[in-house]
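Let's have the full structure, built from the sequences with the hints guiding it.
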Amino acid sequence: MNKRRLHPSMILFSLLRGMKESVPGLLGIFSVRWFREGASFWSGGIEWFIGFLGIFFLLSLLSAVLRWYREKFWTEDGHFCREVGALFRKRVEIPLERIHSIDESETPFHRMFGVVQIQMETIGGDSEAEIQLKAVSCKDAYRLREELSRTVESDDDMQTTESAAPIRRINGQELFKAGVTSGRFGVIFGILGTVFSTVDDLFQWDWVEELKNLWESGIGFPIWILILVPLLLAWLFSILGTLVTHAHFTVRREKTHLIVERGLWERNRSTLPLKKIQAIHVIENPLRQLFGLVEVKVECAGYGEEEKQKVVAFPLLKRTELTAFLEAFFPEYATVVQKPLHSPPDRCFKWGLMFEIPVLLIAGALWFFFPSWGGWTFLLLPLGVLYDLLTFRDAGWALDGDCLVIRSRGINRKTILIPRRAMQCRTMEQTPLGRWQGWACFATTLASGEEYETSPMERKEVLQLIQALDPEPGWKSDQVAKMSG
Amino acid sequence: MEQPPKHRIDSAGVRVWTISSVITALVLYLIAVGLIFAVQYWEWPSWLPPVAFGLVTVIMIPSVFFFPRLRWRYYRYEVSEKEVYLQSGFFFQSRTLIPMVRVQYVETEEGPLLRRYGLATLTIHTAGGESFTIPALPKAEAHQLRQQLHAWVRVDEDE
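Protein sequences appear in the order of chains A and B. Note that the first sequence covers residues 2 to 486 in my numbering. Note that the second sequence covers residues 190 to 348 in my numbering.
Quick caveat, the hints were computed from the structure, so don't treat them as lab data. Don't take each hint at face value.
Below, in silico cross-link-like pairs of lysine to aspartate or glutamate (EDC-like), each with a Cα-Cα straight-line distance of 20 Å or less [claimed, not checked]:
id, chain 1, residue 1, chain 2, residue 2
1, B, 328, B, 298
2, A, 4, A, 147
3, B, 195, A, 430
4, A, 276, A, 430
5, A, 461, B, 298
Some chain A residues close to chain B (C-beta under 10 Å, calculated; not the full set) [claimed, not checked]:
id, residue
6, 61
7, 63
8, 65
9, 76
10, 77
11, 302
12, 425
13, 426
14, 432
15, 435
16, 444
17, 450
18, 464
19, 467
20, 469
21, 471
Glycine is no exception: its CB is placed at the ideal position from the N, C-alpha and C atoms.
Encoded structure:
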């Protein structure tokens, strides 16, 4: 690929953004003048005002044009190269195989010009590792993508024999179901709460008084409406949010890459090499678990931000569909997900009940000091035991070939599939209780920087796991001899 | 993994950690003394200083008198051409294997305190920003180990 510039529409984009960003600064300058000159602000002549804006506009236009003129990108000898900077020139070269993924996004403005914004993620978490190309024509983007997938292919003939490229699109019904069960309304409820409290600050309403008046005025305003309406509103917003972000959700596999497309307003396309995927998350929130639905995410190495490390691979699947989905898109993980899980030893649950003792003590103390309501806190005890029972029942692990499955529950039930190649270390962790009772946990850190720990298992099972997940099982040394002995 | 790793770290590490804990304790006590003045001049609640002194004492006694020794006693390491084997922690204990094919780079570090006792810390970095340290090795040994590890670092075929 020869040296090329970004699409000229980048000038417009950066101009618009520059203007948006300079609004607070300009306002500041004007308000200073306003305060100094008072009413005679305009008497200095409208020319002053227009002249100032004109010069400002010209300067930003000049810098935008210069920046566009100077920025070039191309590929050369298996490297991605980029030159930027009007005054201080900078040149970056990155080996293509170090580029982990390409994200393309386009808002309707981008679509007007037929361009996309490209973000490339490379190994290593620092800010230097990210490259953003603001406006690349679709043709160039396509070529860049092709070039990248070619490098991965050349050192890997893993799945090239397969001709059929699996593809899965979301349909309207699934999208709607995903929105209804998304459980994101907790977050939106929080946002609504903030909006509410700012409104409250602005108008200085005494809500309690207002409510009391309302209650006493006898309109028969039922209090539960006050709770239900915001909840319903939040729920509607969450459905809308899901519809907008996950509309047209399409996932497909092209040889060695996974391509995920989604979005209504802003369209996104992520291209991820399958080999660089660190783990697969199957997530069931309580509502979805009830209806037998799951969400699938993939975890990648090289993403700077924590949250972005996980890319949604498909927002909603029936649990019964999961195996087929994995077989089509992630064959590496398809067998392990069907294996029955090993549960933690029963005695872990019994000993875990010990941690309810502090709850009991606190409840007892509250009951003693506040006899009128303190007794109710004893209800926390059965709730705690129920939660323990749930987490215990959901916890488990399984190993199949090169892949480990661990399942756990916080609020959502998460099943995480981790291939051996992603594991940077293998750790056996033991608490004092575990040492005494002969159980331990297996833990590992992935190349994405995430650390995962299994639920407790028999100590000897942890040792077997550590041995089975050795990246070089054939290696002969005293270490191996000792581990097996 | 049935057996802990072979080697202990240098016992001078105990003294280094004790000293650094003492320094931390002194700083915390200084803050507590500052609270006395705050009570006098700004009329902060008068129960603050005694509570602060009590808390600092309760927290710092074990970390000055017991933790450094315990930490040394349970810290073990063993390095082979295949992998690095570490054991750490006296309350929550962990044993970790870091295969040499996963090691990205190794570095040594000496703070002023460590240098005073001729010690260095060896840190092993893997992908994803994770790192593992062997604290308090004799300086020469740390440098030698670093070179040895760099010689052993290999690239895995399936990556």
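Each hint tested on the structure:
1. Annotation: proposed proximity of residue 328 of chain B to residue 298 of chain B holds, straight-line Cα distance about 9 Å (limit 20 Å).
2. For the hint pairing residue 4 of chain A with residue 147 of chain A, the CA-to-CA distance comes to about 16 Å; that is within 20 Å, so the pair holds.
3. Of the pairs offered as hints, the one joining residue 195 of chain B and residue 430 of chain A holds, with about 18 Å between alpha carbons and a cut-off of 20 Å not exceeded.
4. Restraint check: the Cα-Cα separation between residue 276 of chain A and residue 430 of chain A comes to about 29 Å, which exceeds 20 Å; the hinted pair is violated.
5. A threshold of 20 Å between alpha carbons decides the hint, and for residue 461 of chain A with residue 298 of chain B the separation of about 36 Å lies outside it, so the pair is violated.
6. Evaluation of the residue 61 of chain A hint against chain B yields a violated restraint, the C-beta minimum of about 38 Å exceeding 10 Å.
7. Because the smallest distance between the Cβ of residue 63 of chain A and any Cβ of chain B comes to about 41 Å, over 10 Å, the interface hint for this residue is violated.
8. Hint on residue 65 of chain A is violated. Least Cβ distance to chain B is approximately 36 Å, over the 10 Å limit.
9. Below 10 Å, beta-carbon pairs count as interface contacts, and residue 76 of chain A has none with chain B, the closest being about 23 Å; its hint is therefore violated.
10. Residue-level restraint check for residue 77 of chain A is violated (minimum Cβ-Cβ distance to chain B is 24 Å; threshold 10 Å).
11. Given the 10 Å rule on beta carbons, the hint for residue 302 of chain A holds: about 6 Å separates it from the nearest Cβ of chain B.
12. The interface hint given for residue 425 of chain A is met, as the beta carbon of that residue sits about 4 Å from the closest beta carbon of chain B, less than 10 Å.
13. Using the Cβ-Cβ criterion of 10 Å, the hint placing residue 426 of chain A at the interface with chain B is satisfied: the shortest such distance is roughly 5 Å.
14. Here the hint on residue 432 of chain A is kept, as its CB sits about 6 Å from the closest CB of chain B, short of 10 Å.
15. This hint holds: residue 435 of chain A has a C-beta 9 Å from the nearest C-beta of chain B, less than the 10 Å allowed.
16. Taking 10 Å as the C-beta cut-off, the interface hint given for residue 444 of chain A holds, the closest approach to chain B being about 7 Å.
17. The interface hint given for residue 450 of chain A holds, since its Cβ lies 4 Å from the closest Cβ of chain B, which is under the 10 Å cut-off.
18. Checking residue 464 of chain A against chain B by beta carbon gives a least distance of about 5 Å; that is within 10 Å, so the hint holds.
19. Annotation: residue 467 of chain A was flagged as interfacial toward chain B, and the flag holds, the nearest CB pair being 6 Å apart, inside 10 Å.
20. A least Cβ separation of about 12 Å between residue 469 of chain A and chain B goes past the 10 Å threshold, and the interface hint is therefore violated.
21. Interface restraint check for residue 471 of chain A: the shortest CB-CB distance to chain B comes to about 7 Å, inside 10 Å, so the restraint holds.
Going down the numbered hints, you'll see the structure goes against 4, 5, 6, 7, 8, 9, 10, 20, while the others check out.
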